[in-house]
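Enquirer: Quick note, the sequence shown lines up with residues 50 to 152 if you use this note's numbering.
Treat the hints loosely; a few may be bogus.
Stated by the list, open to error - Pairs of lysine to aspartate or glutamate, EDC-like flavour, derived with a Cα cap of 20 Å:
1. K123 <-> D82
2. K57 <-> D132
3. K57 <-> D82
As the list claims (entries may be wrong) - Restraint-style ranges between C-beta atoms, simulated for each label pair:
4. Q144 <-> A60: 30 to 38 Å
5. G54 <-> G121: 15 to 23 Å
6. A98 <-> M50: 28 to 36 Å
Derived by calculation from the structure, the hints in this document are not laboratory data.
Virtual Cβ for every residue (Gly too), placed ideally from N, Cα, C.
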Amino acid sequence: MLRVGTYKFNADGVMELSHPVTVGSALIFNPADNPNTAITVQLGPGAAAATPGYGQGFQYVPGGRTLPVAVGQKAIVLYGQTDALVCVQSFTGLQAFGIGATL
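Please build the complete structure, drawing on both the sequences and the hints.
Expert: If you want it as structure tokens, here you go:
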């Protein structure tokens, strides 16, 4: 395991989590009560000026859900609401694979 922690989004609603080695997978838990309070996961470094929409290299995690994400990069960028919490576990391999979509 590379990382385990609970983090709070800053005033910009963006956080980049960098690692010294390639992340094989990450487990992202969005503890928000409202399913419409989403966290967007960007695979790779370099935060965008605004929360990205849909497309390749992005995953959407609704409130109250957990999502295992295959990464293959040394960094991920998370987008969420100011002061919202996010729980992250990062692995060198695919340890997060196979975990259900809800906890």
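Enquirer: Of the hints given before, which are not true for this structure?
Expert: 1
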